[in-house]
Amino acid sequence: MRAYLNTINNPWRAFDELMSDFPYDLFNNAWRARTGGYPRVNVWENENGLVVEAEVAGVDPEKLDVAVDANVLTLKGEKGQADGSTGEFQRSFNLPFELDNESIKATVKNGVLTVSIPRKAAAEKRKIAIEKL
Amino acid sequence: MSLMKKERYDVQKDTRLEVTPISRVDESDEAFTLTVELPGVSEKEIELTLEDRTLSVTAENTVERFKDYTLVLTEVPEVRYRAAFEIPERVDTANLKAATRNGLLILTLPKREEVKPRRIAITAG
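Residue numbers (this note's numbering), protein chains in the order written: chain U, 1 to 133; chain P, 1001 to 1125.
Chain U with its partners taken away, still in its complex shape (with noise of 0.2 Å):
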């Protein structure tokens, strides 16, 4: 992961901690304070996509609802109560980098969900010139 640039004068800050490999920080505290914490995940990266392992035990397969809209990824679904009645959860993950919605693989298996998805694929990099004055 890239070092954070964590001085105070730092004026690219907030640029770079958007542009950064994970924001570990807002992933952690605000998203799950906002969205839930269930289900718990595993998340991995690299620089071609993610893979997140979600505990989903109990939760019908087909009522798994796994969505992805430009940066977010949603979970969604359905699980047993201890009371015998449904409840619905939804978790969403806000990441750093926008998701390709057309390659996404999901499995289920022993109760755990694997979502593999690539990122998608970035513009070109631009290089600048710098002209002497």
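Because the hints were derived from the structure by calculation, they are not lab data.
Worth double-checking, as some hints may not be accurate.
Only pairs whose alpha carbons sit at most 20 Å apart, straight line, appear in this in silico SDA-like list of lysine to any residue [stated by the list, open to error]:
{"hint": "1", "chain 1": "P", "residue 1": "K1097", "chain 2": "U", "residue 2": "N110"}
{"hint": "2", "chain 1": "U", "residue 1": "K109", "chain 2": "P", "residue 2": "A1099"}
{"hint": "3", "chain 1": "U", "residue 1": "K105", "chain 2": "P", "residue 2": "T1100"}
{"hint": "4", "chain 1": "P", "residue 1": "K1067", "chain 2": "U", "residue 2": "N48"}
{"hint": "5", "chain 1": "P", "residue 1": "K1067", "chain 2": "U", "residue 2": "P118"}
{"hint": "6", "chain 1": "U", "residue 1": "K79", "chain 2": "U", "residue 2": "R91"}
{"hint": "7", "chain 1": "P", "residue 1": "K1111", "chain 2": "P", "residue 2": "A1098"}
{"hint": "8", "chain 1": "P", "residue 1": "K1097", "chain 2": "P", "residue 2": "R1082"}
{"hint": "9", "chain 1": "U", "residue 1": "K109", "chain 2": "P", "residue 2": "A1098"}
{"hint": "10", "chain 1": "P", "residue 1": "K1097", "chain 2": "P", "residue 2": "S1023"}
{"hint": "11", "chain 1": "U", "residue 1": "K109", "chain 2": "P", "residue 2": "T1100"}
{"hint": "12", "chain 1": "U", "residue 1": "K76", "chain 2": "U", "residue 2": "N110"}
{"hint": "13", "chain 1": "U", "residue 1": "K76", "chain 2": "U", "residue 2": "A106"}
{"hint": "14", "chain 1": "U", "residue 1": "K109", "chain 2": "P", "residue 2": "R1080"}
Start from chain U and add chain P according to the hints.
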């Protein structure tokens, strides 16, 4: 002079967190259904034993690793699930059934015939 007993400590075995899995019991007229949540465990990996009236469940989950990827968030650790249940006398343990589905271990504990609710016929008089 007493000799200090050297304890055999299997470090490899104890790196897993021991966790009590989530479980619940539902009751019907015919049986109790004990559901134990064991995500990441296949039925081959579950150790289920009944000793006298104690039912024990032990299982280690498999957390997949992905080469060429960096782990950036871990909420699912490698654990050893461990639970023990005292089966009441009302249960006919000889006919206990166990099955897995979607990461759940579902145990059907049939009730003994004599404790099943019986409808009593009422004759008109």
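Hints and how they fare:
| no. | hint | verdict |
| --- | --- | --- |
| 1 | P:K1097 to U:N110 | holds, 19 Å |
| 2 | U:K109 to P:A1099 | holds, 15 Å |
| 3 | U:K105 to P:T1100 | violated, 24 Å |
| 4 | P:K1067 to U:N48 | holds, 13 Å |
| 5 | P:K1067 to U:P118 | holds, 15 Å |
| 6 | U:K79 to U:R91 | holds, 13 Å |
| 7 | P:K1111 to P:A1098 | holds, 15 Å |
| 8 | P:K1097 to P:R1082 | holds, 19 Å |
| 9 | U:K109 to P:A1098 | holds, 18 Å |
| 10 | P:K1097 to P:S1023 | holds, 16 Å |
| 11 | U:K109 to P:T1100 | holds, 11 Å |
| 12 | U:K76 to U:N110 | holds, 18 Å |
| 13 | U:K76 to U:A106 | holds, 13 Å |
| 14 | U:K109 to P:R1080 | holds, 18 Å |
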